[in-house]
Structures are given as structure tokens and as C-alpha cells.
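One-letter residues, chain by chain:
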Amino acid sequence: MTSLPSSQPVPESRSASDPPALGGTGPAASGSIAPVALPPSPPASPSEAARRAPAAPLPAAPVPAAEVAGARTWDGSEAPVRPKKAVPEGLWMRCPACGETLFRKAVEQALWVCPKCEHHMRISAATRVEQLADPRTFEPINATVAPMDPLEFVDVKPYRDRIRAAQQATGQNDGVQTGTAFIKGRKVVLACLDFTFMGGSMGSVIGEKLTRAIELASEGDLPLIIVSCSGGARMQESGFSLMQMAKTSAALARFDDQGGLYISVLADPTTGGVTASFAMLGDVILAEPGALIGFAGPRVIAQTIRQELPEGFQTAEFLLKAGFIDRIVPRRELRSELGRIIDYAGK
Amino acid sequence: MSTLTSYTLDFEQPVVEIERQIEALRSRGDAAAYAREIGELESTRDRLLAKTYAALSAWQTVKVARHPHRPQSADYMRLMCRDLCELHGDRRFGDDQAIVTALARIGSTKVMLVGHRKGRSTPEKLACNFGCAHPEGYRKALHKMKLAEKFGLPIVTLVDTPGAYPGVGSEQRGVAEAIAVNLREMSRLRTPIVCVIIGEGGSGGALGIGIGDRVAMLEHSWYSVISPEGCAAILWKEANDQTNSIAAKALALTAADNLRNGLIDEVVSEPAGGAHRNPQAMADALGGWIVETLRELRRFKPETLVRRRFDKIRRIGSLSEGAHS
Ligand SMILES: [Zn+2]
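Taken in sequence, the protein lines are chains A and B.
Sequential numbering from 1 applies to the first sequence in our numbering.
Sequential numbering from 1 applies to the second sequence in our numbering.
Please keep in mind that the hints were generated in silico from the structure rather than gathered at the bench.
Among these hints, one or two may not hold up.
Unchecked claim - Below are the SDA-like pairs computed for lysine to any residue, each with C-alpha atoms no more than 25 Å apart in a straight line:
| # | chain 1 | residue 1 | chain 2 | residue 2 |
| --- | --- | --- | --- | --- |
| 1 | B | K125 | B | A239 |
| 2 | B | K237 | A | A345 |
| 3 | B | K51 | B | A239 |
| 4 | B | K63 | A | V156 |
| 5 | B | K249 | A | A169 |
| 6 | B | K125 | B | G107 |
What you are looking at is a predicted structure, and each value in this text was computed from that prediction instead of being measured.
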């Protein structure tokens, strides 16, 4: 079961009830996005939006800042908490990076990139699919695969309850959408991780669905595209989760043996066990501007080395300079860039 | 197995008390007169040790796995191997001391040995970053494992790490990429690979040299996606002895748990009271297990090995195929 793509940006700060993902540093480092708790605004045509824009009143009272849990780090310490900025309701939202008040519809049309500062906001898997696939070409596979609770994991809250809450909130079974699609007319296997589902953390379902997607790409001799957006491994599945790193990487070895093309796209954030497995194994690795990409969390590292971290540490730009990604691609160019690389390297 | 350790775990206190009595009797001039008492105390101690170690909690297991006298890779190289020929360097950046790679013989079996190195003395620990490897450590391991493949040597990895090193250089030089590449390459190396978690199996840093045809854990080692402290700090917002203990149990990180969940293939028993009480006996048992396992694996052609290794990894996961309502 897949829900229709709902064009919504994803809150960039994690609520206190968010399940922690591992290895990640998380989102707090890159600020909090505004439009949480806003009902989807009714679709408006661009022209209508433009007409309405100046008239739409800004709310007088900001929504109280929600409690925000710190970003998670691989060894469990929390990254510094930045309080969530107040969110105006309605047609307006605030850019989490530059603070500019923006007209929601215009931001949506800009693929959830701030028109003022180019900040790439987090988007759900459904929105990502909608942005990348040619219209109505995405055919989901294995959408009914759902998580179990092999360890009957209970912390302050049972894992089962976390799963159910995330399923109800997202309409998804777990944190990845996989399927076939056309991108600029080329058939591909497309997988998009979903940060809205337990921080995109990888448990058995993400590992299995990605592996099946890789195998489908092998069988069909299709290019494979995985868009990563995850805090890392899912702690509530412990060793099962860890072994998904092995499984996806082993499946990619076979795909590689066959000469398959795998393009890995790294979105904000890509950290922990996801970075240390399939995300870093692309034949070509693309990243969105400003995306946080790393293994360990910045706070852990700062504690370990007892020094200030370098400017821009663990950003896409940092990784490009260090030689670990091929290109930084702005979201509006991503679709055509994928098409171009497939033309060069695909079969 | 009577060495009085200078470092005592809290739950070993009653055992240490008995050992103190034994030592006191032994040190007497007329010790011979107390042979019967000493013998009785010794059997009491052995029963108590066996009972204690048979019922370790998950958190106690973690403490045993981190015991300062627990044998490390360097000890196994000394006690289990001979004709050791260490090979250095990743040919790219450096020679990470946190991972050791060496040609070695275990019994008469020639192997490529790859192990985390934690260090025992403070300078050693610092040189090895307490067993936390940088990317060059993982790349060194892969470089030597590929040599092993080329020359038809089986690979033995000894896993003992709290996790990969969290640092600026580590990130800058791509520790995530280094681990990812190892996972991919180890899954398709055309030579037998045997992995043993000898102490701590901390997350991706452990898995980075942990893909094999046969993966075992020593009886009192731990292996998990995160340390109990890390887990407790995140989920319980505080890491203390109580939350660490709950987290350790929840993470199912013991050898028995991992075996039951199908995440490892075997558990290698430790001497009574843990490997730290008798490193030589542990090394003998481990060496025997490795030689026997490699003998079994030698029967398979490389392509069969690789296929079976893949199939084993491919099966891991816990999910339902049905839709939720
Ligand atoms: Zn902005």
C-alpha cells in the first residue's frame, strides 16, 4: 500500500518521541524546518497562489516551539539542541536556514528549496518520487512488506507502538519506497528512503526492500537509483538492523559483478550505518547541496578530539572536496542529471 | 586457573574472596597441612565461578568482554599462532595500529590474520585508539585480504572494537566508505573467511571486518548495532548502570542471543570464569575451532563458498509480507 505522493516538506527537527536512528548526527545541526503540524494547504494554481500571496495575513501568534530532541549520534550522545523556530500556520512558512518568511506554495513549486537561500528542505519519499519520476510512471514493489519486532524491543516505549505511530502518521509500512519508474524516459529501479518514518532508520524492511530492488535491477538490467535520507541503523532491531548493512552491500556486489549502474543520491541527512553501506557504494554518488553526510555524529567527534570542528564539516561540499562524492546537484537539476548519467553509463 | 586478577568485576567479588582465602592458606609455612581445606575451597570456587558465569546478565557479559585482562588479538597471535609475519600499511595513507594484519600459522594451517588491536598498556592503547580503527585500518585489512584471495590463503578475522574511530580525519578520509567497501568486497572474496568476535563487536566498526563464511562469538563477547551506553543515552536519555543494563538486555547482544537470532553461526565456549582467567586455554580452544572450521570450508569451491556466504547474509531479516491495516 502506498499513499499518494503528498507534497510536504519534512520537519527537520526530530520530536522527542522520534525513534533514534544510529550513526547519525541528525538534523539539529542543519536547523529545524518550519511547517510542522500544518495541514496540507489546498492545492492552488501558481497564478492563484501568486495572486493570493500578498493578501495572506501572517499569523499574529507563533506556534509554541515544540520540544525538540537533540540529534542522535552513533554512540548515543545528543547533539546540541536548537529550539525549533516558531511556525506560522497557513499559507506561510519560515525557512529553517535563513528564517525568511516564505509563501508555501512557491516553496513547493521550487521543489522545497528556499528561493531566498537555496536551503534544500527535507522531503518525504513520496515527494521525492513525485519530483524524480516521470508523471505517473512509478510502480511500487513490495509495498506491503512490514516490520516485525523480532526482539520485542521496549525502551521508554515499545517498538511496536513506535512502528504503529509512524505507520499511522505516514501511511507507509516502513521508511522506504521502492519501485520501477521512468526518469526522463529511461526505465529505472528507484528507491527513496523516507526520513518521516522513524528518521529513515534502516531495519529489516529497508534492508530487504532495497535488496529486492537491487535484485530487480539485476534481473531487468536496469539502472538503480537509491536516494538516501536516514539517520542510520534502527536500534530497535539491533543485530538484525546491523546485518542489513551487510545484506545490501552484498547485493550490490552481485549487481556490480553484472555491470549494473548504481547511482547513489545523498540527501540531508545521510549518516551512520546507511552511509557505511549502500549509500557510499554508488558507481556515481550525487549529493544535494548542504546535505549532512557522515558516519559518526559531530558532537561525538567534538568530544573525542576536544576541538572545534572545521567549518562545514560533514557537509556535501566537505565530502566533495575530500573526494568521496562525484557531484553536488541542486534539486531542480537532479532529474535531468540522473537522465544524463544513465545516458552515459546505462545499458 | 587460579591467577588472582588485580581487576575484579563486582559480581566476581565472592569468588575473589574465596581465592584470597586459598592464597592465605597456601602462603603459610604449614600449607601442606591444609591441603584438604584448600582443595575444598578450590572446588567451591570452581562451582561458584561456573554458576556465576552460566547466569551472566547481558550487562555483566559486556563487562567481561571489556575485562582489562581479557585476551586480545595480540595475545591470540602469541598464544595461538606461530611464525607470525606482520604486514603493514594500506598503500594509500598509513598504517593504522588499531587493526593488525599478518601472515600466520594456526597449527599447520596457513592463514591471513586480521584483527582489531586494542592495546594493553596506556601507550599501546593510545597508539591503537583503544581499538577504534580509522579508514586506513579498514583499507589495510582489505588490501591484505585481497592478497589472501590471490594466494589462496584463508582469512581469519578477530573482531574486538567499541566502534570505528569518530574523528575529523576519520570522516575526512571516508571511514563510512571504507567500511562499506569492505562489506561489499568481503561478501565476494573467493577464499574462506572465518570471523570471531573475541571481545567487543561494536556496530559497523566490527562488521567492517566481520563478513565471513562462518562467524562465531566467544561465549562472553558482545555484538550489537550500538553499545549499551549509547543505546541508553539515546532511548533512556541517560546512561547509568541501571539503564545500561536494561539496554544491554534489550539489544540482545550476547553470543547466545545472536546465535538464537541467526545473526552468527556458532558460539565458542570460554574456560570456566571467562577467557581472562585462562588465556592459554582460550587460545587453544579458539585455535582448534578455527582449524576445524577451515578444514570444513576447504571442501567448497570458491564460487560455492561465495554463493553460500551470500545466501546466509541474504536471509537475515525479520519482516512480514502482509499489509498493515
Ligand atoms: Zn532560506
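Violations among the numbered hints, reported as their numbers in ascending order: 2, 3, 5 and 6
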